[in-house]
Amino acid sequence: MKILKALAGIFLSLRTAVWLSTVLIILLLAGGFLMPAHEEFQALQTIPLFQWLSETGLGLTWWLLAAIVVISLLAANTLACSAESLLRKKRSRGWLLTISPQLMHTGFLFILLAHLLSSYDSFQGMVMVNEGAWLPLPNGITASFDSIHADVGPTGEIRDWSASLSYYQNEQRISGGTIRPNAPSFIGGLGLYIKTVRPGSRPTALVQVSRDAGAPYALAGGILFLAGMTILLLLKVRRESDQD
Amino acid sequence: MIFFITLLLVCLYLAGGYRMPFAYAGLIGQAAAMGSRGIQLGRLPIVGPHDTLFFMSLSTALFGVAVTYRMEDRRNILSPILILASSFALFSLLYPPHDTPLPPVLRTFWFEAHVALSFFSYALFGIAAVLGVLYLMKADRKTEVLQYKAILVGYCFFSAAMIFGGIWAYYAWGTYWLWTPKELFTVILWLFYSLWLHARLRPWWYGRPMAILSVAGFGIVMFTYLGVSLFMKSSHSF
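Residue numbers (the numbering used here), protein chains in the order written: chain A, 1 to 244; chain B, 1001 to 1238.
Careful: at least some of the hints might be erroneous.
[Stated by the list, open to error] When the alpha-carbon atoms are kept at most 25 Å apart in a straight line, the in silico SDA-like pairs for lysine to any residue are as follows:
| hint | chain 1 | residue 1 | chain 2 | residue 2 |
| --- | --- | --- | --- | --- |
| 1 | B | Lys1182 | A | Phe50 |
| 2 | A | Lys236 | B | Leu1152 |
| 3 | A | Lys236 | B | Arg1202 |
| 4 | A | Lys195 | A | Ser185 |
| 5 | A | Lys236 | B | Trp1205 |
| 6 | A | Lys236 | B | Arg1074 |
| 7 | B | Lys1182 | A | Leu49 |
The set of hints was computed from the structure by calculation and includes no laboratory data.
Given these sequences and hints, build the entire structure.
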């Protein structure tokens, strides 16, 4: 019982949050200087974090493994503090001021969940396709690149590019669309991105196919964080104005 | 031409420490200079170290004038902020302006919002660092409260910038997170100011420790902005 009480005391403490954040910052700083010096980190752009961690030596991954442990503790601390704050202040006046930091905390937890999911289940592949080519996707759908366009400037530079495509399943056309920079196409949980093109009599495009399982949770977390932050800021500004 | 305009702006800002109309003239002049460059380029001039330092200078002066509005000892607080804004403007001269058309991946609202909000937050963190130094010289409650407000608003801008950057990255590269030093240092910076805002709630940290942390925080800002972009390979390299 005493141990449980002590544990609850630790996880309900703001001091714990401060020290965990300090340790996390130190670990990430170490990683920030280690990362540019080692080519091995480049593989992280294409394979999920947990797969990379299992294939890479402890000499490069120690700071990431330690950071994951600290982030887990920080998540538990955030959850405990938020729950305790809501229970303690449920009858207090100024409900919005009570709820807004907890909205931010929930957003933060959603973003952590997004990273957890992305670290387990993400996929990225690159392929060169010709105009008229068929590309079988990992979800069983096939993409047909009907046309590839390049907007070439007077000095030969490629100013913009796009590709029109159709999706087929069981030899039936199910949908289609156009992809261009910053405007990908999504089908069956996969995203198709056009990276660059090579114009010519038979234009070619470099296409990225990717899946990021954490993306919807990251977006939800971002929206919750922004909502909580905006409410908190407006209330704080109003309170200051009232005090003036 | 850019050289002489920048020098004139710096003179106005430095004189603004003595007479406010000079500061206002500098602010209007710098906004006009950025506006005309934007019209000339057909986009927001916020790409490359020259333009971003110039934008950071304008943001610092703008927020400096705004946060010190109605303060009794305005001149004492605004003068060092305007010196900081002048330093950014002078540093921008060390780099050539980026006049070429933007690559398609940068032509999006998310990129412009991400960059503009980032530099608003950097400017506010810079102002907080100046206030931190002033607090260390003369422990004054008003300075401490102003420092807190600057960091709170800066933190909000920075968080929004990170979220917008994530949305842009997802549309541009298929993931909201890239494993590059810039992203890692950006998270370090966000965690640092999260730590600052939480630590301020504990009495032990209140006062001098918070002032020292705000100065250290601006060191991380400058390293994240210039150090990482110039010396480490990342999606944000200049």
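Compare the structure with the hints numbered earlier in the document and write down the numbers of the violated ones, lowest to highest. none
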